[in-house]
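Q: Go by the hints and put chains D and Z onto chain U.
Chains as they are written, first to last, in the numbering used here: chain U, 226 to 538; chain D, 71 to 352; chain Z, 492 to 814.
Everything labelled a hint here was simulated from the structure, so no lab data went into it.
Predicted model only: the values in this text are computed from it and were never measured.
Every residue, glycine too, gets a C-beta built ideally from N, C-alpha and C.
Any given hint could turn out to be false.
Covered by chain D, per the in silico footprint, the following chain U stretches (three or more residues, Cβ under 8 Å) [unchecked claim]: (1) 372 to 386; (2) 464 to 475; (3) 480 to 488.
In the DMTMM-like style, the derived pairs of lysine to aspartate or glutamate whose C-alpha atoms are separated by at most 25 Å in a straight line are [said to hold, decoys possible]: (4) K238(D) to D189(D); (5) K449(U) to D582(Z); (6) K755(Z) to D676(Z); (7) K449(U) to D589(Z); (8) K449(U) to D606(Z); (9) K449(U) to E551(Z); (10) K449(U) to E617(Z).
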Amino acid sequence: MLQYTFQRVLLALAIIVVAISALFTIMITLPGDPTTVLLGPRATPELRAAFRANMGLDDPVLVQIANFWGRVLRGDLGTDYNRNRPVAEAVFSALPHTMALVFGAIFWSATLGILLGAFSADNRNSWLDRVSGILSVGFIAAPSFVVALYSLLLFSVTLRWFPTIGAGEPGDLGSRLYHLALPSFAIGLAWVGYVARIVRASMLETLGENYIRTARAFGLSRRKVIYNYALRVAILPAVQVLGVGIGGMLSSAVFAEIVFSRPGIGSLIYDSVSGRNYPVVMGSMLVAIGFFVTCALIADLVNAALDPRQRVK
Amino acid sequence: MGHFKHTLLGRLLADPMAVFAMLIISGLVLVALFADAISPHNYAEMNLVDRFAPPSSTYWLGTDNLGRDTFSRLAQGSRIALYVALVAVSISGTIGLILGMIAGFGPRWLDNVLLFIFDTLRAYPTIILALALAALLPRGLSTVIIVVVITSFSEYGRVVRTQTLSLKNAEFILAERAMGASSARIVFHHILPNVLGPFFILAAMNLPVVITIEAGMSFLGIGVPPGTPSWGATLKDGFDFIRTTPWIIVAGGLPLILVTLGFTFLGEALRDQLDPKLRKSR
Amino acid sequence: MSDTLNVEGLTVHYATQEGALQALRDVALDVPPGQIVGIVGESGCGKSTLINALLQLMPENATIAAGAIRLEGEELVGASQRRLRNMRGRDIAVIFQDPMTSLNPVLTIGRQMLDIQYRETRSRAEKLRRATEMLGRVGLPDPDAKLNAYPHELSGGQRQRVAIAMAVLMRPKLLIADEPTTALDATLEVQIIELLKELQQEIGCAILFISHHLGVIAELCHRVVVMYAGEAIEEGPVADVFLRPSHPYTAKLIECDPGRMKTKAALLPSIPGDLPDLTAPPEGCIFRARCDKATDLCRTKPMPVAVTGAHWARCHFAAGAGA
Chain U
226 MLQYTFQRVL LALAIIVVAI SALFTIMITL PGDPTTVLLG PRATPELRAA FRANMGLDDP
286 VLVQIANFWG RVLRGDLGTD YNRNRPVAEA VFSALPHTMA LVFGAIFWSA TLGILLGAFS
346 ADNRNSWLDR VSGILSVGFI AAPSFVVALY SLLLFSVTLR WFPTIGAGEP GDLGSRLYHL
406 ALPSFAIGLA WVGYVARIVR ASMLETLGEN YIRTARAFGL SRRKVIYNYA LRVAILPAVQ
466 VLGVGIGGML SSAVFAEIVF SRPGIGSLIY DSVSGRNYPV VMGSMLVAIG FFVTCALIAD
526 LVNAALDPRQ RVK
Chain D
71 MGHFKHTLLG RLLADPMAVF AMLIISGLVL VALFADAISP HNYAEMNLVD RFAPPSSTYW
131 LGTDNLGRDT FSRLAQGSRI ALYVALVAVS ISGTIGLILG MIAGFGPRWL DNVLLFIFDT
191 LRAYPTIILA LALAALLPRG LSTVIIVVVI TSFSEYGRVV RTQTLSLKNA EFILAERAMG
251 ASSARIVFHH ILPNVLGPFF ILAAMNLPVV ITIEAGMSFL GIGVPPGTPS WGATLKDGFD
311 FIRTTPWIIV AGGLPLILVT LGFTFLGEAL RDQLDPKLRK SR
Chain Z
492 MSDTLNVEGL TVHYATQEGA LQALRDVALD VPPGQIVGIV GESGCGKSTL INALLQLMPE
552 NATIAAGAIR LEGEELVGAS QRRLRNMRGR DIAVIFQDPM TSLNPVLTIG RQMLDIQYRE
612 TRSRAEKLRR ATEMLGRVGL PDPDAKLNAY PHELSGGQRQ RVAIAMAVLM RPKLLIADEP
672 TTALDATLEV QIIELLKELQ QEIGCAILFI SHHLGVIAEL CHRVVVMYAG EAIEEGPVAD
732 VFLRPSHPYT AKLIECDPGR MKTKAALLPS IPGDLPDLTA PPEGCIFRAR CDKATDLCRT
792 KPMPVAVTGA HWARCHFAAG AGA
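So that you can see chain U by itself, here it is in the shape it has in the complex:
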């Protein structure tokens, strides 16, 4: 297990480095004055000159990449020249909001999805199974930002059951959760569908396995066999999918943050792109991608921990 973990961590780091470096390279090799790209259009000529000298912008690309990572490793994600503060500060104050959103979505969608999937497999071809099957496909199909818009319209603007803007009062957990409810619902809806379908299919396959028959032959109750033995194995593909799906959720989170006017990495990237604030764009992209790859890595490791067969690779 240890060796496997080590390999996967290494691979994850390699991917992050390559992905961000590629992005960085594109940004600095585009035609035009690189200081415009890196400092934004508001920088003064003096600032540009000083910047060129400081940053070694005429150095070869590889050297610049190395310098970039050097700064990153020292915790310096660049400076937001528009607001005169370190990018790291902007990014790390926004990150917790996005994480809350994503994990809230995963939590409720995974729970509901697994229950629905297990129950469907247990009661195959019942009306509940058929209805939930169609609903699952429907949930998957509907684009998350449309769901977000409709929920905002229906539950916030029209019915006024939920707030329309913001993340709630700092320090007030209840207020935070209240503001989290609708956006994480919007993001999670598609995932209920995915998870339910995968769990159902995986359960049906697992239930046909010989060791399930053995368990029943030894007198274990149907409930224990299905919801304990079979579900334990059947959850694995769902965990995999969720881990990989974090990326999709990040994209959905961008929309949710904009539709519900919440702070977060998504809003940050969007605002900085609109404002041509490139240092913030790079810094927040780095964190977003890092977050995503880390989540996928954790899901992979959890998967290997739960299913010992996976480790023999």
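A: Frame of chain U; chains D and Z shown alone:
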């Protein structure tokens, strides 16, 4: 006639989900083709007097903030959606298909390189990459297509690669090699036809995703140029004026939901029919 | 003293798209206490259906159209789910054919052996101790370590020993062994058979041993039942049945056993023809289409004909054939 029942089309027509899907998709194509004919108004025509009107007999789905008829705009939007979908899927699909077959069939080192590229591309959440690229590239449909291609081709590549790998060691391939067939011939004549099944299913499932990406980008203002009646742009207008009228959003979301539902159901039905293993476990 | 197992007139149908598949028809067999009874037959003879029926763990589309199954006199068909669950693993235990797939791959051996003792009120430590003891008894080296191992970490032979340990742990009245040695090589097969013999002596259980390996049946069993296409077509003491087969199918089976061939031959002997379609079983004797002794009489269904007191066969010519 008896034979028809067992052809793919025949079996699809027996599945109510597939029929529903095909109706929607045909509807989309027809609307796109005859958008001008069926639109009661010109989609760009502004009647400021009638702005924010709710649905009525004159304006079937109401009007937007500039008094433009929502229905006509949505009808035009279907053209954009279809265009983006077909072009983007064709390009990314072709790239993915070729790279996938090379990865699966070629030497190990090449496979590792391509696999790493696929994995790295998956590290970019789609919209986030779109936002980053939008910062650098001019607004327009070409940008949308570039973003979609970059984020999609790796998925095709992986699926095709997996198929190719499993076929590579199949007996009939070994037999062909034993008879001296060249790699190129094996790849194009034997592997390609067997790979196309999952490939087309993936493409069918990918079309709605592409349409959604374009809509999402336009919603964020980084997709089509302003004024273009893409579905996402309509939703953006609706969102900006959500407190004034709900109708723009309600109407704007409908075509997206219908189309994504339709394509997804079709992809499901295709998968049920083309994968015999799944058919049994229903 | 009543038999450990009585099966009478057991008829099982599967509902399929092509109609009712009559997987078992009027099957009868008895297993006296402490005896080892073998079941011999090719694939498709209904062995699996029989086992599933004995455990009352049949798939949804299966129905018991007729018949009775009694364990020490207690009727199993129609018994309550609770009663049946109680019996599984305690009064009836099963050793399945393929230990790789019949053991749960994501749980340790120890955990699985704990789980099957769920009815017992002993402490966890006590249960583990019993498990370790049994693992040692079935010949596994270093049984303590094995408790923490996963099935895929053990060899095929070791896994089968684990399966045996699990099955006899609760000292069942009836042990059903479903081709336990088919997936093993010859040396292992001998060891496993020896082990089963020893355990049977110690525990005194009755064993129903299913196999298509005639040599093993001859070695291990007291009595044997021959099955073909869903019917029990011959039954008797193992020496009697194998030396003086009274049903043409049994005779052919023995003839075709590769273990018996004394000289090299270009072709392996086989029985011409195919298994009958069980959705529409033929009138009369089930073996008629492939039997070279068939006459018009065979169009009527043969009842069991006694060859000796303890040996019968379903063939009109049985009484004469064995002599």
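Q: State for each hint whether it applies.
A: Right, here's what the structure says about each hint:
no., hint, result
1, 372 to 386, "holds (count 6)"
2, 464 to 475, "holds (count 4)"
3, 480 to 488, "holds (count 3)"
4, K238(D) to D189(D), "22 Å, holds"
5, K449(U) to D582(Z), "20 Å, holds"
6, K755(Z) to D676(Z), "22 Å, holds"
7, K449(U) to D589(Z), "23 Å, holds"
8, K449(U) to D606(Z), "10 Å, holds"
9, K449(U) to E551(Z), "19 Å, holds"
10, K449(U) to E617(Z), "23 Å, holds"
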